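J.: Whole structure, please, built from the sequences with the hints as guidance.
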Amino acid sequence: MNAVRQTTLGDDVTLSGVGVHSGKMAQMHLSPAEADSGIVFFRKDTNQSVRACRGAVRGSDLATVLRDSSGPAVSTVEHLLACFAGLGVDNARVEIDGPEVPILDGSAGDFVAAVDEAGIVETGHARRYLRVLKPIRVETETGFGELMPYDMGFRLEVEIDFDHAAIGRQRFAATMSPEVFRKELAAARTFGFVSDVERLWQAGYALGASLDNTICLGDEGVINTTGLRYADEFVRHKALDAIGDLAIGGLPLLARYRSYRGGHKLNFAVVDALLSDRSAYEIVEARIPTRRTVSSNAGLIAVAVPAYAPEL
Numbered sequence: 165m166n167a168v169r170q171t172t173l174g175d176d177v178t179l180s181g182v183g184v185h186s187g188k189m190a191q192m193h194l195s196p197a198e199a200d201s202g203i204v205f206f207r208k209d210t211n212q213s214v215r216a217c218r219g220a221v222r223g224s225d226l227a228t229v230l231r232d233s234s235g236p237a238v239s240t241v242e243h244l245l246a247c248f249a250g251l252g253v254d255n256a257r258v259e260i261d262g263p264e265v266p267i268l269d270g271s272a273g274d275f276v277a278a279v280d281e282a283g284i285v286e287t288g289h290a291r292r293y294l295r296v297l298k299p300i301r302v303e304t305e306t307g308f309g310e311l312m313p314y315d316m317g318f319r320l321e322v323e324i325d326f327d328h329a330a331i332g333r334q335r336f337a338a339t340m341s342p343e344v345f346r347k348e349l350a351a352a353r354t355f356g357f358v359s360d361v362e363r364l365w366q367a368g369y370a371l372g373a374s375l376d377n378t379i380c381l382g383d384e385g386v387i388n389t390t391g392l393r394y395a396d397e398f399v400r401h402k403a404l405d406a407i408g409d410l411a412i413g414g415l416p417l418l419a420r421y422r423s424y425r426g427g428h429k430l431n432f433a434v435v436d437a438l439l440s441d442r443s444a445y446e447i448v449e450a451r452i453p454t455r456r457t458v459s460s461n462a463g464l465i466a467v468a469v470p471a472y473a474p475e476l
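So that you can map any letter, position 87 of the sequence shown is 251 in my numbering, and since no number is skipped, the others follow by simple counting.
Just so you know, the hints here were simulated from the structure itself, not pulled from any lab data. Take these hints with a grain of salt, some might be off.
What the hints assert, rightly or not - Pairs of lysine-lysine residues, derived as BS3-like cross-links and limited to a Cα-Cα distance of at most 30 Å, are as follows:
| # | residue 1 | residue 2 |
| --- | --- | --- |
| 1 | Lys298 | Lys429 |
| 2 | Lys188 | Lys429 |
| 3 | Lys429 | Lys208 |
| 4 | Lys208 | Lys188 |
| 5 | Lys429 | Lys347 |
Note that the structure is a prediction, hence the values are computed from the model and not measured.
T.: What follows is the structure in structure tokens.
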């Protein structure tokens, strides 16, 4: 059953670590926020504030980068956004003193632990959902991503295909819930190839990457001595990324998402295509049960409100 009330954090919590691309250290405070505020990032060192929404996305090649009117504000937000979306946190304030969200161990596991430490509390406001009304599909030369109607929650179906013996073709599919996110996706780490390292460094990326925060693949397989956390950890991380990228829509989705050979750029392109077509979605609001409500379906999505782009 879908949640009917918006949530936020119960307390403040602090994390710190290096940015996987910038190589710069950052300290980050997660704090409660008012209902309807969404996820807001505040750069303490540059005094920039930006809400995680479609209109704030500046880049989505190797990571999701958010900006405000003065330029780039914070990058690599997708794992934290995946944690919030996966656990059902609607509103939070993220204060950070650097340009990039810490990569920590390369997964969302430490973010989940931080949210558990802070706790999740309900507000008195009804939760709103982004309900997909018709299929939206974006294709690339090698893959595709598509959103389709699905009123039972958020269904994720991700497939990858890499020409590497340690990966090959892998698929992950599940209807998401906080329990599924915790057990199946949160611990899946980002990965990269030794053959790409020099090119990435020259382009200013992966300056903070290491075997502590990245699954590294050489010609013979996984280099990390600790091995994999899941046999198919690669596709599970791609699914985690997709959840974070799709959270840029601003509201939890009622939809089925399928992707083949996708990534940050394709995931965002699908969100952008959806929100560019007003006939493809509507905003629906949960009905908060009253004491007189006796129907077992009282918590389901029930009340439609006029469609508008979530960032507005």
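J.: Now tell me, hint by hint, if it's right for this structure.
T.: Here's how the hints hold up against the structure:
no.: 1; hint: Lys298 - Lys429; in the structure: holds (22 Å)
no.: 2; hint: Lys188 - Lys429; in the structure: holds (24 Å)
no.: 3; hint: Lys429 - Lys208; in the structure: holds (28 Å)
no.: 4; hint: Lys208 - Lys188; in the structure: holds (15 Å)
no.: 5; hint: Lys429 - Lys347; in the structure: holds (26 Å)
The structure agrees with every numbered hint stated previously.
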